[in-house]
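Asker: Single-letter residue listing:
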Amino acid sequence: MSDLGLTQIFELARSSRWLHAAVVGVMGILLAVWLPRRLTSKSLHPQASLAIKMITRYALLSITGIWVLRILGIDLSVLLGAAGILTVAIGFASQTSASNLISGLFLMVERPFVVGDLIKVADLTGTVISVDPLSVKLRTFDNLLVRIPNETVLKSNVTNLTHYPVRRYDLKLKIGVEEDLGEVRSILNEVAILNPICLEEPAPSILYLGYGESCIEVQFSTWSTSENFLQLKRELFEQVQVALNKKGVLHPHPQRRVHMVEANAKV
Amino acid sequence: MKAWWGSFEIPFSSATEFQIGPLNLVIERHPGEWRLAQTRVEEPLSIASAQRSVPVREVSEEMSRYAWRGESQKIDLTPRLSDRAVVSRPEQPFVIPALERVTLFVTLPLWVEATAGQPGRSLTVLPIYRPSDTWFGPTTKEGELCYASRTFCRMRREDVVARPHRALTAVHINNRAEDVLSLERIKIPAQHLALFQTEEGRLATQDVNLEWTGDADFAELKLKDWASKAEKNATLVAPPRLEPGTNLVTRAFSRIFKSA
Numbered sequence: 012m013s014d015l016g017l018t019q020i021f022e023l024a025r026s027s028r029w030l031h032a033a034v035v036g037v038m039g040i041l042l043a044v045w046l047p048r049r050l051t052s053k054s055l056h057p058q059a060s061l062a063i064k065m066i067t068r069y070a071l072l073s074i075t076g077i078w079v080l081r082i083l084g085i086d087l088s089v090l091l092g093a094a095g096i097l098t099v100a101i102g103f104a105s106q107t108s109a110s111n112l113i114s115g116l117f118l119m120v121e122r123p124f125v126v127g128d129l130i131k132v133a134d135l136t137g138t139v140i141s142v143d144p145l146s147v148k149l150r151t152f153d154n155l156l157v158r159i160p161n162e163t164v165l166k167s168n169v170t171n172l173t174h175y176p177v178r179r180y181d182l183k184l185k186i187g188v189e190e191d192l193g194e195v196r197s198i199l200n201e202v203a204i205l206n207p208i209c210l211e212e213p214a215p216s217i218l219y220l221g222y223g224e225s226c227i228e229v230q231f232s233t234w235s236t237s238e239n240f241l242q243l244k245r246e247l248f249e250q251v252q253v254a255l256n257k258k259g260v261l262h263p264h265p266q267r268r269v270h271m272v273e274a275n276a277k278v
Numbered sequence: 003m004k005a006w007w008g009s010f011e012i013p014f015s016s017a018t019e020f021q022i023g024p025l026n027l028v029i030e031r032h033p034g035e036w037r038l039a040q041t042r043v044e045e046p047l048s049i050a051s052a053q054r055s056v057p058v059r060e061v062s063e064e065m066s067r068y069a070w071r072g073e074s075q076k077i078d079l080t081p082r083l084s085d086r087a088v089v090s091r092p093e094q095p096f097v098i099p100a101l102e103r104v105t106l107f108v109t110l111p112l113w114v115e116a117t118a119g120q121p122g123r124s125l126t127v128l129p130i131y132r133p134s135d136t137w138f139g140p141t142t143k144e145g146e147l148c149y150a151s152r153t154f155c156r157m158r159r160e161d162v163v164a165r166p167h168r169a170l171t172a173v174h175i176n177n178r179a180e181d182v183l184s185l186e187r188i189k190i191p192a193q194h195l196a197l198f199q200t201e202e203g204r205l206a207t208q209d210v211n212l213e214w215t216g217d218a219d220f221a222e223l224k225l226k227d228w229a230s231k232a233e234k235n236a237t238l239v240a241p242p243r244l245e246p247g248t249n250l251v252t253r254a255f256s257r258i259f260k261s262a
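Sequence order for the protein chains is X and S. Residue numbering for the first sequence follows my numbering, starting at 12 and increasing by one per position. Residue numbering for the second sequence follows my numbering, starting at 3 and increasing by one per position.
These are computed hints drawn from the structure, not numbers from a lab. Just so we're clear, the structure is a prediction, and the values are computed from it rather than from any experiment. No residue lacks a Cβ here, since even glycine has one placed at the ideal position from N, Cα and C. A portion of the hints provided could be inaccurate.
Said to hold, decoys possible - What the simulated footprint calls covered on chain X by chain S, stretch by stretch (three residues with Cβ under 8 Å from a Cβ of chain S suffice, anywhere in the stretch; the number is not a length): (1) 73-79; (2) 209-222; (3) 231-240.
Stated by the list, open to error - Among the chain S residues that face chain X by a calculated CB cut under 8 Å, a handful are: (4) V28; (5) T136; (6) W137; (7) P140; (8) K143; (9) A150; (10) T153; (11) T200; (12) E245.
As the list claims (entries may be wrong) - When the alpha-carbon atoms are kept at most 27 Å apart in a straight line, the in silico DSSO-like pairs for lysine-lysine are as follows: (13) K183/X / K143/S; (14) K76/S / K143/S; (15) K148/X / K185/X; (16) K143/S / K131/X; (17) K148/X / K183/X; (18) K166/X / K185/X; (19) K258/X / K148/X; (20) K166/X / K76/S; (21) K258/X / K183/X; (22) K166/X / K183/X; (23) K244/X / K4/S; (24) K131/X / K183/X.
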């Protein structure tokens, strides 16, 4: 064996058609596993990296398959003829898949979100766990896996809740019409100052939305980092409730004015 | 000013309470572990400072436990600056004319680091008072998360109230541009500053030099080598949390905040 060089091994393989095909097949498969990993780097975007790996792998496997068939002497022209007819049939059947694939390429280029972002698509909210060639997969807050076809994502309004580093929380509350709005403003601002995850800048703001039934509708807007958003939402609600109760600011109750008239009086 | 930091012996199954400004820290030593409990008073600028033995308490929610198999009963408390920049404001915004310079004095919030063992290994780093988060940048799309200082920048050093749990910093601003610089907020890179004890016993950092050449909100930051400050009768207490790089250009000023 030691006297046999590599050339002799190849000559031996070529002399046997099956052995030749087996060697080519194994080498092709090994190359299809090894080469895609070498073509990508950590600096490349994960979705682009995945696409390159898949395209390279399937291309190498296809070339290996055709080469093996040629070595075994199988007439490919028959296959090509059948492939033509099959292509038309598959083309009609795979319109949706092709659309999803192309939509996936657009999403990869445009990148409205990346893996790890919290997004809202239609009525679905979840964390992006993968952006695949045909679909986007989300994990919802109640730990469900949702698969959304790329075509649907591209056609829908997608809200990326964690794209920017800070986010605003709008707390809507109703204040009785008899309350001192200046005092309410002071109470709310004090709550914001005492909560350390509530950003000092952008400063909290208070907006009067209008009159509701027996009340004034107020919007109290505060900012936090995206990571702290849920914590702020929970804490602020409780802290505002406690602060308003402590100062005796009552929540409005619907009021009705009742007119009492005599039985025979004209109304 | 008496130092609240240093090395303290806490025998097994005993506890010591440290009052450091608004922070009340109780440290207990037990076989196999250290326990730390922290509470805070509402007044962030409290200047209380005390240390006393207290009874050992039951494990509670405010308590953190740290596994420690050594026999050492010594714990070190060291003041540290914040891990992020601190934003401070002058009492009233003011303008620095072209080619003019000004020095502002500001106090920075401090953290307490508890270390044990030889060499010292950090158990935890706690804020004496947790400052509010604040965003420093031209818009909410770009910028940096910082802490907001509760004290104003002062033009005169004598106007700065000495507090044992805050560090004094002198910020020299040099307007080298031909335009005026309107100062509303200033970002101080506290994470790159070292902490010293001055001859008066006060905590201070090295000076910060900001040179504005007219480039929007950015300024060239120059920090004096903190090792050299020790030559001026100042004792190094703690090195910077993050070593500054060279040729730092930082967004140091925010004149108009656009929330769009």
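Asker: Please go over all the hints and tell whether each is borne out by the structure.
Answerer: Hint by hint, here is what the structure shows:
1. Note: the region 73-79 of chain X has 0 residues with beta-carbon separation from chain S under 8 Å; the three-residue rule is not met and the coverage is violated.
2. Under the rule that three or more residues need a Cβ within less than 8 Å of chain S, the assignment of the region 209-222 of chain X holds, with 5 such residues.
3. For the region 231-240 of chain X, the assignment as covered by chain S holds, since 4 residues bring a beta-carbon within under 8 Å of that chain's beta-carbons and 3 suffice.
4. Because the closest C-beta pair between V28/S and chain X is about 22 Å apart, greater than 8 Å, the hint is violated.
5. Contact between T136/S and chain X, as hinted, is supported at the beta carbon level, the nearest pair being about 4 Å apart and thus within 8 Å.
6. Restraint check, W137/S versus chain X: the minimum CB separation of about 5 Å is within 8 Å; hint holds.
7. Residue-level restraint check for P140/S is violated (minimum Cβ-Cβ distance to chain X is 11 Å; threshold 8 Å).
8. The beta carbon of K143/S is positioned within 8 Å of a beta carbon in chain X (closest approach about 6 Å), and the interface hint is therefore held.
9. A distance limit of 8 Å between C-beta atoms decides the matter here; for A150/S the minimum to chain X is near 4 Å, and the interface restraint holds.
10. Checking T153/S against chain X by beta carbon gives a least distance of about 13 Å; that is not within 8 Å, so the hint is violated.
11. Taken as an interface hint, T200/S does not check out: its beta carbon lies about 29 Å from the nearest beta carbon of chain X, beyond 8 Å.
12. At a threshold of 8 Å, the smallest CB-CB gap from E245/S to chain X is about 24 Å, leaving the interface hint violated.
13. Note on K183/X and K143/S: the hinted pairing holds, with a Cα-Cα distance of about 25 Å set against a maximum of 27 Å.
14. Between K76/S and K143/S the CA atoms are separated by roughly 47 Å; this puts the pair beyond 27 Å, and the hint is violated.
15. The hinted pair formed by K148/X and K185/X fails the criterion: a straight-line CA distance of about 39 Å is larger than 27 Å.
16. Taking the CA atoms of K143/S and K131/X, the gap is near 19 Å; set against the 27 Å cutoff, the hint holds.
17. Straight-line distance between C-alpha atoms of K148/X and K183/X comes to about 33 Å, which puts the hinted pair past the 27 Å bound.
18. Of the pairs offered as hints, the one joining K166/X and K185/X is violated, with about 38 Å between alpha carbons and a cut-off of 27 Å exceeded.
19. Straight-line distance between C-alpha atoms of K258/X and K148/X comes to about 48 Å, which puts the hinted pair past the 27 Å bound.
20. Restraint check for K166/X and K76/S: the C-alpha separation of about 65 Å exceeds 27 Å, so the hint is violated.
21. Among the hinted pairs, K258/X with K183/X is consistent with the structure: their alpha-carbon atoms are about 19 Å apart, no more than 27 Å.
22. Between K166/X and K183/X the alpha-carbon distance is near 32 Å, which puts this suggested pair outside the 27 Å criterion.
23. Restraint check: the Cα-Cα separation between K244/X and K4/S comes to about 42 Å, which exceeds 27 Å; the hinted pair is violated.
24. With a CA separation close to 22 Å, the supplied pair K131/X and K183/X stays within the 27 Å bound.
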